[in-house]
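Enquirer: The listed protein sequences derive, respectively, from chains C and B.
Residue numbers are given in my numbering: position 42 of the first sequence equals residue 42, and the series is strictly consecutive.
Residue numbers are given in my numbering: position 399 of the second sequence equals residue 399, and the series is strictly consecutive.
Derived from the structure by calculation, the hints contain no laboratory data.
These numbers come from a predicted model, not from an experiment.
Incorrect hints may have been included.
To be clear about the criterion: a stretch of chain C counts as covered by chain B if any three or more of its residues have a C-beta under 8 Å from a C-beta of chain B, and this derived list gives those stretches [said to hold, decoys possible]: (1) 19-26; (2) 29-35; (3) 122-131; (4) 183-189; (5) 324-330.
Yeah, the Cβ is synthetic: ideal placement off N, Cα and C, and Gly gets one too.
Number of protein chains: 2
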Amino acid sequence: MAGGRHAYRALFADLYELTMVQGYLEEGLSGEAVFTVFVRRLPESRNFLLACGLDAVLGYLERLRFTDEDVAYLRSLGRFSHRLFDWLRDFRFEGSVYALPEGTPVFANEPILEVVAPLPQAQLVETAVMNQIHVHTVMASKGVRCVIAARERTVIDFGARRTHGVDASLDAAHAFHIAGIHGTSNVLAGKIYGLPLAGTMAHSYVQAHDDEREAFRAFARMFPGTTLLVDTYDTLTGVQRVIELAGERGGDFQIGAIRLDSGDLGTLAREARGLLDAAGLKEIRIFASSDLDEYGIAALVKADAPIDGFGVGTAMGVSSDAPFLDIVYKLSEYAGEGRMKVSRSKSVLPGRKQVFRLEEHGRATGDVIGRFGEALDGRQLLRLVMRQGRRTSDGESDLDAARRRAAEELARLPSRVTSLERAEPPYQVSISTALEQFTAAVHKRVVGG
Amino acid sequence: MAGGRHAYRALFADLYELTMVQGYLEEGLSGEAVFTVFVRRLPESRNFLLACGLDAVLGYLERLRFTDEDVAYLRSLGRFSHRLFDWLRDFRFEGSVYALPEGTPVFANEPILEVVAPLPQAQLVETAVMNQIHVHTVMASKGVRCVIAARERTVIDFGARRTHGVDASLDAAHAFHIAGIHGTSNVLAGKIYGLPLAGTMAHSYVQAHDDEREAFRAFARMFPGTTLLVDTYDTLTGVQRVIELAGERGGDFQIGAIRLDSGDLGTLAREARGLLDAAGLKEIRIFASSDLDEYGIAALVKADAPIDGFGVGTAMGVSSDAPFLDIVYKLSEYAGEGRMKVSRSKSVLPGRKQVFRLEEHGRATGDVIGRFGEALDGRQLLRLVMRQGRRTSDGESDLDAARRRAAEELARLPSRVTSLERAEPPYQVSISTALEQFTAAVHKRVVGG
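Generate coordinates for the entire structure from the input sequences, incorporating the hints supplied.
Expert: This is how it looks when you write it as structure tokens:
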């Protein structure tokens with residue numbers, strides 16, 4: 001599905017990818033390259049990230065084709081040669097991909113994904129691979145914090161109106177589902193990914209009626225069991241109207257929940273709960289929204305506010321406190337030799353790598369980044385998900401499996417790491433002796449030091 | 001074009017839009033509604049926003065159709081009736097839109113756009129209209145700050161790898177062009193919007209060669225006049241290699257620029273400029289990138305760093321300091337009567353409105369938000385851009401006209417407003433007496449106060 005959405009976008013690439021590909025073709029540099037995707041530093045407010053976006057990447061790689069129109073556009077730029085055009089016309093991605101399964105917690109410097117392919121192929125796909133891993137991982141890593149904050153209460157994605165475009169809303173809804181979010185207001189995401197949908201009324205519905213009571217009565221008649229938004233004029237007056245209607249109309253007025261969307265949500269929820277309970281309407285739940293993020297949810301949960309579910313919009317939909325990651329796609333091996341950029345503060349671990357997660361009594365104690373093929377203790381996290389351009393069984397798309405995996409993997413992390421506060425000490429990630437030695441050797445060769 | 005990209009996305013809507021539409025249809029609430037799009041508060045770091053996204057909105061409204069597959073999906077939800085399905089199958093947007101032309105500076109509470117249409121139609125389009133105005137305005141408002149910071153120097157969009165998905169990269173490139181950005185690395189955006197493209201090589205190109213000198217020589221041979229990235233190993237050594245190659249190979253080694261991508265850009269640029277000038281290579285320009293934003297650019301410009309152009313990636317591509325706006329789409333009139341939500345701190349100016357920009361000697365002195373049709377001093381900013389579902393001449397797509405408009409409108413703002421620092425005093429926006437009186441009257445009617 002994700003691949004289908006992205007199929008028409010072969011030209012989604014930075015221009016320099018094409019310039020370099022042409023260079024490689026002209027120079028005959030078509031040996032095997034390894035590119036590693038990783039995040040150099042975690043944002044201040046993240047103890048871990050939830051790796052996501054793999055299904056979108058594999059869908060893109062499987063379907064990447066250049067149309068005649070694409071090639072004609074490139075020709076019109078007057079920068080490229082026939083060698084590039086011919087190569088693009090025949091293009092099929094034939095490489096391998098090793099990756100963390102979607103929903104795996106990941107830390108700074110750990111490979112999220114490694115592409116192993118002829119250099120021009122691996123270079124060409126840089127922009128799209130990074131973009132997709134980035135947006136999905138940003139969103140999943142924010143969404144999971146809201147799920148953690150809500151404990152067992154429901155969290156719904158209300159972000160569609162303020163995500164960065166339509167794709168972002170779909171990528172986000174997909175990532176949020178993996179992160180454990182319970183549903184979305186986004187109908188298109190519901191259709192594409194089979195997600196549970198939620199949503200009933202906005203203030204405009206109430207305002208379009210001459211009075212609130214009339215609006216509530218009409219809506220409840222059409223949608224038994226619905227959620228009524230009670231704060232268009234005055235929240236507690238709105239709650240009183242619900243109670244009055246329930247009293248007057250009995251079984252003809254079935255309401256599942258009320259929604260609060262402004263004011264002091266904790267206080268209003270308590271007052272509303274009191275009014276509803278006193279009227280014998282204990283089964284009516286309370287749903288809250290209004291500029292919520294994980295901290296707002298956590299504060300309400302800590303205060304034991306009688307709120308059954310949260311709608312989270314903008315803060316989650318743009319990952320407002322950490323809208324980007326310092327993610328990179330770096331050449332780490334070419335033609336059998338480790339490669340690295342060594343300019344200040346931006347170095348790279350060379351060669352193919354593996355992440356080993358050490359666990360004791362079912363709890364992760366730390367990770368080791370090692371060389372691929374090393375025999376070290378710990379669970380090996382990177383898997384072969386694509387071979388010669390085709391998904392392996394580990395690369396098959398399974399959204400619900402990813403969601404279960406995320407929940408299981410999170411349960412194995414130390415609680416300080418899954419808390420909203422900064423983990424002290426941070427989760428430990430070390431480099432294996434073999435990888436350290438290899439890095440030193442490559443560094444020496446590259447800089448001649 | 002933008003509409004074409006978005007055509008298949010009729011179901012991009014929050015579920016409650018459809019629920020409410022069904023309600024309106026069942027209840028016969030099909031009178032004329034006015035919805036107003038505005039931003040309640042500007043982000044801390046913005047003195048103004050650059051209104052954008054109108055072309056995408058109009059393209060969406062023109063093309064919005066529901067397929068049988070869309071309707072079948074909605075039927076599968078088991079929430080809706082035939083009345084809704086029949087209405088969706090026949091759906092054509094038949095309303096009017098009044099809007100600020102793309103590229104108009106706008107302030108808090110000022111209408112960016114007003115939709116005037118039968119209530120169900122105007123409600124249906126809420127999510128998509130907001131999403132598109134939001135993402136384009138977020139991006140343009142960030143991009144223009146980078147342009148301002150760079151004074152007359154070149155600024156290129158390098159954001160594609162870290163925007164929130166592919167759409168966001170396209171929406172951003174479109175908005176950046178209006179904001180005055182000079183080009184993009186995003187090939188797909190270049191194709192769709194006819195934007196100038198930029199980009200030559202990444203570190204991986206250099207690393208794939210056995211040494212940097214060989215990489216430079218090969219690339220310059222293939223792409224005369226290109227830009228060489230000099231910091232893969234050591235920046236000044238890289239510059240020396242460029243100089244040596246120019247000396248050895250003379251006219252066979254034509255370089256347009258070097259790019260610095262790490263370290264202290266100001267110091268390195270000065271040192272590189274010194275080396276190049278001493279070697280008689282005054283015509284080679286210096287281009288800089290690496291975690292730049294408007295503040296980084298401004299500091300380099302202020303220090304008079306010899307940098308001719310800047311590549312700006314993530315900070316601009318996600319608008320990192322202000323990734324969202326407090327934008328809303330609020331019912332302000334229905335069936336000829338002003339409407340407003342009055343819940344705490346979230347009120348709305350009722351009725352149709354106009355923005356009047358007051359100017360003296362070609363400089364804006366303040367805006368007045370008035371009632372539509374009021375005869376007030378000042379330039380009227382909202383224009384009729386769509387009538388009965390068709391674009392008027394003011395609604396025609398013209399990206400370059402929008403770019404020129406933005407430059408002209410910005411030149412008319414007081415310099416404190418277009419500075420990067422917080423404007424003191426802020427730009428003045430007042431409410432006309434007639435609108436104040438109308439607001440009070442509607443408030444009284446609505447709350448019965």
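Enquirer: With reference to the structure, classify each hint as holding or not holding.
Expert: Now for the hints, and whether the structure bears them out:
no.	hint	in the structure
1	19-26	holds (count 6)
2	29-35	holds (count 3)
3	122-131	holds (count 6)
4	183-189	holds (count 4)
5	324-330	holds (count 5)
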